[in-house]
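Trainee: Given the structure of chain A, go ahead and fit chain B onto it with the hints provided.
One line per chain: the protein sequences are A and B, in this order. Going by UniProt numbering, the first residue of the first sequence is number 1, and it counts up by one from there. Going by UniProt numbering, the first residue of the second sequence is number 1, and it counts up by one from there.
Incorrect hints may have been included.
Copies of the same chain look alike in the list, so a pair counts if it works inside one copy or between any two.
[Unchecked claim] Listed below are the simulated DSBU-like cross-link pairs for lysine-lysine, each with C-alpha atoms no more than 30 Å apart in a straight line: (1) 6 <-> 38; (2) 237 <-> 221; (3) 200 <-> 330; (4) 200 <-> 6; (5) 237 <-> 6; (6) 34 <-> 330; (7) 283 <-> 330; (8) 174 <-> 283; (9) 6 <-> 174; (10) 200 <-> 107; (11) 163 <-> 10.
Worth flagging that the hints you see were computed from the coordinates, not collected in a lab.
Protein chains: 2
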Amino acid sequence: MAVTIKDIAKVAGVSYATVSRALNDHPEISDETKKRIKEIAKQMGYTPNAVARGLVKKNTNMIALLIPDITNPFYPEVARGVEDFARENGYCVFLCNTNWDEKNEQKYLNILKERRVDGIIIAPVSVGTYEYISKEKEDIPVVYIGSRTEDDTSSYVVIDDFKAGYIATEYLIKLGHRNIAFIGGHDRSTSHMDRINGYKRALMENGLEADINSIMGYSFKKESGYGTFLEMIKNRKVPSAIVAENDIIALGIMESAERHGYRVPDDISIIGIDDIEFGALPKINLTTVAQPKFEIGQTACSILLDLISGSVDSRRVILEPFLIVRGTCKEV
Amino acid sequence: MAVTIKDIAKVAGVSYATVSRALNDHPEISDETKKRIKEIAKQMGYTPNAVARGLVKKNTNMIALLIPDITNPFYPEVARGVEDFARENGYCVFLCNTNWDEKNEQKYLNILKERRVDGIIIAPVSVGTYEYISKEKEDIPVVYIGSRTEDDTSSYVVIDDFKAGYIATEYLIKLGHRNIAFIGGHDRSTSHMDRINGYKRALMENGLEADINSIMGYSFKKESGYGTFLEMIKNRKVPSAIVAENDIIALGIMESAERHGYRVPDDISIIGIDDIEFGALPKINLTTVAQPKFEIGQTACSILLDLISGSVDSRRVILEPFLIVRGTCKEV
Numbered sequence: 001m002a003v004t005i006k007d008i009a010k011v012a013g014v015s016y017a018t019v020s021r022a023l024n025d026h027p028e029i030s031d032e033t034k035k036r037i038k039e040i041a042k043q044m045g046y047t048p049n050a051v052a053r054g055l056v057k058k059n060t061n062m063i064a065l066l067i068p069d070i071t072n073p074f075y076p077e078v079a080r081g082v083e084d085f086a087r088e089n090g091y092c093v094f095l096c097n098t099n100w101d102e103k104n105e106q107k108y109l110n111i112l113k114e115r116r117v118d119g120i121i122i123a124p125v126s127v128g129t130y131e132y133i134s135k136e137k138e139d140i141p142v143v144y145i146g147s148r149t150e151d152d153t154s155s156y157v158v159i160d161d162f163k164a165g166y167i168a169t170e171y172l173i174k175l176g177h178r179n180i181a182f183i184g185g186h187d188r189s190t191s192h193m194d195r196i197n198g199y200k201r202a203l204m205e206n207g208l209e210a211d212i213n214s215i216m217g218y219s220f221k222k223e224s225g226y227g228t229f230l231e232m233i234k235n236r237k238v239p240s241a242i243v244a245e246n247d248i249i250a251l252g253i254m255e256s257a258e259r260h261g262y263r264v265p266d267d268i269s270i271i272g273i274d275d276i277e278f279g280a281l282p283k284i285n286l287t288t289v290a291q292p293k294f295e296i297g298q299t300a301c302s303i304l305l306d307l308i309s310g311s312v313d314s315r316r317v318i319l320e321p322f323l324i325v326r327g328t329c330k331e332v
Numbered sequence: 001m002a003v004t005i006k007d008i009a010k011v012a013g014v015s016y017a018t019v020s021r022a023l024n025d026h027p028e029i030s031d032e033t034k035k036r037i038k039e040i041a042k043q044m045g046y047t048p049n050a051v052a053r054g055l056v057k058k059n060t061n062m063i064a065l066l067i068p069d070i071t072n073p074f075y076p077e078v079a080r081g082v083e084d085f086a087r088e089n090g091y092c093v094f095l096c097n098t099n100w101d102e103k104n105e106q107k108y109l110n111i112l113k114e115r116r117v118d119g120i121i122i123a124p125v126s127v128g129t130y131e132y133i134s135k136e137k138e139d140i141p142v143v144y145i146g147s148r149t150e151d152d153t154s155s156y157v158v159i160d161d162f163k164a165g166y167i168a169t170e171y172l173i174k175l176g177h178r179n180i181a182f183i184g185g186h187d188r189s190t191s192h193m194d195r196i197n198g199y200k201r202a203l204m205e206n207g208l209e210a211d212i213n214s215i216m217g218y219s220f221k222k223e224s225g226y227g228t229f230l231e232m233i234k235n236r237k238v239p240s241a242i243v244a245e246n247d248i249i250a251l252g253i254m255e256s257a258e259r260h261g262y263r264v265p266d267d268i269s270i271i272g273i274d275d276i277e278f279g280a281l282p283k284i285n286l287t288t289v290a291q292p293k294f295e296i297g298q299t300a301c302s303i304l305l306d307l308i309s310g311s312v313d314s315r316r317v318i319l320e321p322f323l324i325v326r327g328t329c330k331e332v
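Chain A with its partners taken away, still in its complex shape (with noise of 0.2 Å):
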């Protein structure tokens, strides 16, 4: 038969609440006492059962999935993956847009958990949102998506970002390119910073410079694209080849360049990251570095279930971007 809670708690002596608090790390347990009986739980082989465990916890099999927009282009098949994985496991998912505002998320936050979702799925609006989570996080588990955390107790499901720069760059350079921009958003987050750090990593291995002035942009939004290559064309310092940090971005720079007389990739070269739904169509047909969409959303699904079960503390997981070879390059 299986080791119960009260099996245990006969063994350490304390009551069947204790042991239940200390199994889920409650705070007015000691750690010490927390330890004691997570080793006992160890040696008389405890498993969890998830069905006890939520009446314990009072579960109410909500989660939620915190983004920034849902109509960027981005996020739907995020959410689908979601959503299917919670469905399949009973849970249903609410939807919750921040609109890259930290104020919206912080409320959202909150209110989510007043109605005691068992756990969240967020993509942040930016940095700040790790620090507000982890000072004002009570227990309700966390799964990143986007951007990792620094530290190593958070759980995320990433792609790996400094090898999509690099992707982008070294194929860029294989073609033959040597003045390679890069055009993207401005922020701290860490997905940004990686792109750009495989970017110049790119370039240092082929012997080529980043110079401070290759990298460009002001927002991840398609005019930070549109508007980068105008400027660009005014200085009179068109690279040859663009490594845009996003597929909407890449957006932008074409159509800037194809209006002002530029053809691509004639004329210069453009490749973007993501991979998003209309990128593929034949009249757009742009080179990029996919992200596995459905896959970061049903990952990030799996792992926060996981979480609220108990049966791992965090989990951090780097999913492989890969290179998806279409019109807008051209080797030189």
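Mentor: Just chain B now, kept in the frame of chain A:
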């Protein structure tokens, strides 16, 4: 001072509970009693207090958005409209994908009932959905989107689909086209039938014939556009213009046409319906009849909250579609 349920109970000579139940259309109260109490409440100038009602009805302040697939480019904006309005009014929204499957849909409806959501906004998988809901529903307010019901007791938000089909066809006729085909999906939904009827009417009013062979297609996906156009080529029956039932189908037609040597719009004019985001990309530049997607979501949520608060019994809103002229249609 505001009239309370207690005041009404005193006047009507019944208990507080009976008044509350009568005003909330409880099935155990006879129609006669309901009518009498509602009459008294009206005469006394009673306006239900939302908070009090919430306490009586045990509102959960949770609603659900049940759609076929959030990765279909039509839905993210609708979802955003729903969620924005819900959030501003203290509601959280479950995102539920049915994957165009009636069984999933029914399963989800049952789950949502068990979870005691206050109401549901649903884009039905098929006309079978109405039957299922009207048979099974137990006082959960429902607002339909995308496709209307035939009865006039349900609530829905749709566009005037007849007009959408009409506008698209009329525009092509005004450009001089005489041989205009319709490529669409295949089901019994009102939106499908209405769009076809709008197409037919526009042809008829202009002395053109809508023979049964000019209405083709087999699904609401891109493949239906691609494959059907291919068939037209094989049968040597390529028209001079095509009305696509939605933008996704239109993109399929465009791809098929261009891959087989037809230039758009020089050799063939194509118009879609919906106005999905990436139809506006300069390289796609799809002429279309737009649906106000955000407004559909917002309006549906507003009606749902009115149904929940009991301030309306049902409401039907038909929004206006409008022509967006871009580059895929040409005068002949």
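Trainee: Against each hint, give a clear statement of whether it holds in the structure.
Mentor: Structure-based check of all given hints:
Taking the closest pair of Cα atoms, residue 6 and residue 38 come within 30 Å of each other only inside a single copy of the chain (14 Å); across copies the shortest separation is 55 Å, beyond that limit. Proximity of residue 237 to residue 221 under the C-alpha cut-off of 30 Å is restricted to the intra-copy arrangement: shortest distance 22 Å within a copy versus 43 Å between copies. Taking CA atoms no more than 30 Å apart as the test, residue 200 paired with residue 330 passes inside one copy only; the shortest distance there is 21 Å, against 48 Å between copies. Proximity of residue 200 and residue 6 under a CA criterion of 30 Å is satisfied in neither setting, with 58 Å inside one chain copy and 74 Å between copies.
Taking the shortest alpha-carbon separations for residue 237 and residue 6, neither the intra-copy value of 73 Å nor the inter-copy value of 78 Å comes in at or below 30 Å. Proximity of residue 34 to residue 330 under the C-alpha cut-off of 30 Å is found in neither arrangement, the shortest distances being 61 Å within a copy and 75 Å between copies. In this homomeric assembly, residue 283 and residue 330 come within 30 Å of each other (Cα to Cα) both inside a single copy, at 16 Å, and across copies, at 19 Å. Both within a single protomer and between protomers do residue 174 and residue 283 lie at most 30 Å apart by alpha-carbon distance, with minima of 25 Å and 28 Å respectively.
Taking the closest pair of Cα atoms, residue 6 and residue 174 never come within 30 Å of each other, the shortest separation being 65 Å inside a single copy and 81 Å across copies. Proximity of residue 200 and residue 107 under a CA criterion of 30 Å is satisfied in neither setting, with 38 Å inside one chain copy and 51 Å between copies. In the homo-oligomer, the alpha carbons of residue 163 and residue 10 never lie at most 30 Å apart, since the shortest distance is 53 Å inside one protomer and 74 Å across protomers.
Checked against the numbered hints listed earlier, the structure breaks hints 4, 5, 6, 9, 10 and 11; every other hint is satisfied.
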